[in-house]
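Protein chains: 2
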Amino acid sequence: MYPYQAPLKDMQFLLENVFDAPTTWQQLPAMAETVDMDTALAILDESAKISRDLLQPLNRNGDEQGVVHSGNDIITPDGFKEAYSQFAEGGWVGLCGEADFGGMGMPKMLGVLVDEMGYSTCNSFTLYNSLTAGAALCINAHATDELKQTYLPNLYSGQWAGAMDMTEPHAGSDLRGIRSKAEPLEDGSYSITGNKIFITGGDHDLAENVIHLVLAKLPDSNGISLFLVPKIRVNADGSLGEANGVTVGSIEHKMGLKASATCVMNYDNAVGYLIGRPARGLVCMFTMMNYERLAIGLQGLGNGQAAYQMASDYAKERLQGVAAAGSPTGATSDPIIVHGDVRRMLLTIRALTEAGRALSVYTGKQLDLAKYASDDVQAKAVRYVGLLTPVSKAFLTDRGLDTTVMGQQVFGGHGYIRETGIEQFVRDTRIAQIYEGTNGIQAIDFLGRKVTGDNVATLTEFVADVNAGLAELTQANADHKATVSNVFAELLTTANYINDNKHEQPALVNSCAVDFLDAFGYALYGYFWLLMADKASGHEDTTFAAQKQYVADFYMDKLLSKSQYHLSQVNQGDKSIMAMPAEMF
Amino acid sequence: MYPYQAPLKDMQFLLENVFDAPTTWQQLPAMAETVDMDTALAILDESAKISRDLLQPLNRNGDEQGVVHSGNDIITPDGFKEAYSQFAEGGWVGLCGEADFGGMGMPKMLGVLVDEMGYSTCNSFTLYNSLTAGAALCINAHATDELKQTYLPNLYSGQWAGAMDMTEPHAGSDLRGIRSKAEPLEDGSYSITGNKIFITGGDHDLAENVIHLVLAKLPDSNGISLFLVPKIRVNADGSLGEANGVTVGSIEHKMGLKASATCVMNYDNAVGYLIGRPARGLVCMFTMMNYERLAIGLQGLGNGQAAYQMASDYAKERLQGVAAAGSPTGATSDPIIVHGDVRRMLLTIRALTEAGRALSVYTGKQLDLAKYASDDVQAKAVRYVGLLTPVSKAFLTDRGLDTTVMGQQVFGGHGYIRETGIEQFVRDTRIAQIYEGTNGIQAIDFLGRKVTGDNVATLTEFVADVNAGLAELTQANADHKATVSNVFAELLTTANYINDNKHEQPALVNSCAVDFLDAFGYALYGYFWLLMADKASGHEDTTFAAQKQYVADFYMDKLLSKSQYHLSQVNQGDKSIMAMPAEMF
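Each protein sequence line maps, in turn, to chains D and A.
Numbering follows our numbering, with no gaps: position 163 of the first sequence is 193.
Numbering follows our numbering, with no gaps: position 368 of the second sequence is 398.
It should be emphasised that the hints constitute simulated quantities derived from the structure, not laboratory data.
Predicted model, so just to flag it, every value in this text is computed and none were measured.
One or more of the hints may lead you astray.
Calculated pairs, DSS-like style, for lysine-lysine (alpha carbon to alpha carbon, straight line, at most 30 angstroms) [as the list claims (entries may be wrong)]: (1) A:LYS401 with A:LYS39; (2) A:LYS346 with D:LYS532; (3) D:LYS346 with A:LYS605; (4) A:LYS511 with D:LYS605; (5) A:LYS247 with D:LYS346; (6) A:LYS532 with D:LYS592; (7) D:LYS592 with A:LYS39; (8) A:LYS592 with D:LYS532; (9) D:LYS211 with A:LYS346; (10) D:LYS346 with A:LYS211; (11) A:LYS511 with D:LYS39; (12) D:LYS605 with A:LYS565; (13) D:LYS511 with A:LYS605; (14) D:LYS592 with A:LYS511; (15) D:LYS605 with A:LYS592; (16) A:LYS346 with D:LYS247; (17) A:LYS605 with A:LYS565; (18) D:LYS592 with D:LYS605; (19) D:LYS605 with A:LYS39; (20) D:LYS511 with A:LYS592; (21) D:LYS605 with A:LYS346; (22) A:LYS592 with D:LYS592; (23) D:LYS346 with A:LYS532.
Pulled from the structure, derived: some chain A residues nowhere near chain D, Cβ distances all over 10 angstroms [to be verified]: (24) ASP50; (25) THR53; (26) THR197; (27) GLY279; (28) VAL313; (29) LEU349; (30) HIS369; (31) ASN497; (32) SER567; (33) LYS605.
By construction, the Cβ of each residue, glycine as well, lies at the ideal position given by its N, Cα and C atoms.
Throw the hints in and build the complete structure from the sequences for me.
Have a look at this one:
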């Protein structure tokens, strides 16, 4: 059922036929010289090989062996260090990094697909480089040129790793309460003291230094500032100096992601450097978060893809029962893929995963336009990035759990056995609904800030684009187009209902946010399915075209109406949610 | 957040006020002398203590330490053996066992509540005695008096344990393919040879003997027969004799339930005794299965209850953010229970768990009536047991995963850490959707056999009872009553659509079964919520009455319409599920 086969044809299709990457890249000055479809396909091909041959073999043992905290060392499982070294040498950590500082400068539209492959094969491994790329992005966006020169090349090369240090025991979703302190030093640097928890990749043996981005408060300020705090101080000539008062208190023992080091970090007068302006640390962090949140969404997506491959292969091999209409081959036992319920599960996984991939490439495109385009195109992309980021994070990871659990179910009892491998994906993917802002927080960001924050203006604009897109589809069933359009119309009506009542009913947004985000996600996937089926209809590979049409029909038949179900929940408002006194729970 | 507090008030309410156990018991000759409410409450009270003080302390270490296969021994984690001994001495294994053979003869209506408490505190431990009780039940129903005399008293006392040996590597959901063989011996016993997998409690150190109920084939027969195969042979005087060619090949390493021994069993000319008639083994097994499937449903229920307690306690303690309308106490941070999204999750868990408890007690009542009543009452109960058993198993365990995952989400990052404890419930409960017949198999049994097998007669009868029940509710909102009644009417319409088309579209049942079962489950919970709110309205504890009304309102507002969503899926039929050729998956 394995080794992993990257869905390269689907990836190419999305880039080339659905979201027109070649034209997009040609029109962006920063991209035109950097990337074309040939380059992109070569990168995807190489990434597929590395994921299959280098990452996937680490996955099972990584889970069994886990990370070990021994003395002052955090030791990753056998093979991680060598693999990371090879991965970094290939330039993968700096794939989308700034070319001026040693990155490859590739577009996010492409990067999302590479990340997906990493998560399909080894979640823990992929997190290490994802965090490093995220830290580099933040430094590139907000740090001084001096800090960039010192840190970015070594981060892009994978020689050093990155970590984001936000959470404290009493400050998780609500960062206002953080207590870590930063005292100014005479040379312009700061002395950082405090504790952080849940720091992914807080320390490990994959890189010779770990560069922490730490949120802390300056004296006499309630604002939160961001500091670059290296584990080992860097000398003026760029060489490594002395240790920096950054130590690991302990590592967490978790449900999954066991090969990823989740650290309690202690800072004891560690030297740090301010990134961005004082008291504006959260703003700096949020730049990175748009990327990181999408990256975490990709974890859910990649895990769903892995689940599909494992489960569909198993369903085509495992003999059990005969087809309801009689065995197609006259056998006494058929492969379980003859059974409607097994097909229902596989089609659900596939429909959610392929539409999820479309969402990730589309969001990646908006990130590229937001970064590299200009004027109106850029401004609109910035709005869409804001709108889609919480959806990508929450919807992709919620469906990540749904689809891995469904894939596990296809295996019956074998799915519960560790050796089969799929239960690890269920455990590993579960955290993606929680970290980088829980999916509840994402939904509140979406409905409270992105949808109603501008009185539904961006959502209205987006829905107009969807309707324009639907109008351009030439092959799609007219009823299907009307259905999707109607669902979006209902969505707008509901969004306006929330917007009109949000002041009078202050708990409305918080109470209805998750259902609203789900309603949007299922509606959007309906649009993407019609789009994909339409674009595939002329595909030279007729099997590929037929597959898209079959799955699109299934989605329209069976899954789209979840959007309406969730809208009906939103329309019930917050009354029955807020009524019961807290002490009665 | 723990120790476990058994929901005794709710349990008493269901027995006494909702499902009128006192009258039921008085009217059944076998029960009238055995049990009354005082006895039942004393038993529940004692069970609550044992679950909290004896079982719960085993849970975490059981997960960490797991079962060990050392030489020929299967060693349970520290403390299991002593606890089991104490548990068995209390008579708990034989709680619902036949009084003539040393059981306590208690009704299942009560037994389900005791089982729920076990699963709320230690899944692995509770499985051992659940399997033993199940094996005893099957022996009691189908074995000869001699076998009953020899085996039942020691099973009820917990001195010996039981196991059900069905699955083989190539025969799981489809048992036709089993290859284990039984050769008749001269003395009337049989020689059993073969291999089984996934045998829960196949061997362990909690009891001095393990009594296996093994499915095997007689020579020249394709029919499957059932055999009692002791691990250690029993002498004529009842003492233990020599070993019996029953060995453990290995134990499985699983996602959860790590303290439960899941064994590969080998039989090498082991002596066995026929239970029931030759080639009728599956019929005998199915008697037990109605109980076992309900028992597995209770695992989902108990786990949801545990999740609720842990998550609601956490939500009342954890300070993070302030209420949307401003802190009710003027604090800078409120307990997260002020947030609508957290309340939504807690109310969902609670609504599903309390209605699930109603389902389990109601199904337990039907099992009691089927066993102890006579004539029409008994015949009807037999029909309802058939109808409700697959629902209890699948719907309770699917909601078990939903609710434990939701409880885990309330904890944020802490929910992913093993030490917090809730992630273990997620892992432990996952198997309940798979074993004892996957939930897909349950749904096909429900829709294919129980609903359409008699051309919707039993379901129609059941819906008439629901409507009669609704008519008797004096306190419930008329709109709510009409809504629930309408959902059941839609359900019947859909059932008839399936029934009318099942021959022409042979894949229809298999393709739509899971959605149909879910639709029924959510509709039934709507009825139970109106029933509970109505019965609670006069409760002496006004807080209790108010809680029921609040949660009922939430259920009607937010969850009932899931029933209609699932029905809409069923009404889309099987076309888009069956269309795509297998090789395109």
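Task: Claimed clearance of chain D by A:LEU349, with the beta carbon kept past 10 angstroms - done: Answer for A:LEU349: violated, closest chain D Cβ roughly 7 angstroms.
- [ ] Would you check whether the claim that A:GLY279 is not at the interface survives, using Cβ distances to chain D and the 10 angstroms cut-off?
- [x] 14 angstroms, holds
Open item on the list: What's the verdict on A:LYS401 and A:LYS39, does the C-alpha distance respect the 30 angstroms limit or exceed it?
Closed with: Between A:LYS401 and A:LYS39 the Cα gap is close to 27 angstroms, so the pair holds against 30 angstroms.
TODO: Sort out whether A:LYS346 lies within 30 angstroms of D:LYS605, counting only the CA atoms.
DONE: Cα-Cα ~20 angstroms, so holds.
Task: Consistency of the no-contact label for A:SER567, given chain D and a CB cut of 10 angstroms - done: Holds, since 16 angstroms exceeds 10 angstroms.
TODO: Please work out if A:LYS346 and D:LYS247 have their alpha carbons no farther apart than 30 angstroms.
DONE: 28 angstroms, holds
- [ ] Decide if the proposed pair is consistent with the structure: A:LYS346 and D:LYS532, CA atoms, cutoff 30 angstroms inclusive.
- [x] 25 angstroms, holds
Task: Interface exclusion of A:VAL313 relative to chain D, criterion Cβ beyond 10 angstroms - done: 19 angstroms, holds
Open item on the list: Check the hint pairing A:LYS511 with D:LYS39 against an upper bound of 30 angstroms on the C-alpha distance.
Closed with: 53 angstroms, violated
Task: Proposed proximity, A:LYS592 with D:LYS605 (alpha carbon, max 30 angstroms) - done: 19 angstroms, holds
TODO: With a cut-off of 30 angstroms on the C-alpha distance, tell me whether D:LYS346 and A:LYS605 pass.
DONE: Given pair D:LYS346, A:LYS605 holds - Cα atoms ~20 angstroms apart, limit 30 angstroms.
- [ ] Quickly compare the C-alpha distance for A:LYS247 and D:LYS346 to 30 angstroms and report which way the hint goes.
- [x] 28 angstroms, holds
Violated hints, listed in ascending order, are 7, 11, 17, 26, 29, 30 and 33; each of the other numbered hints is respected by the structure.
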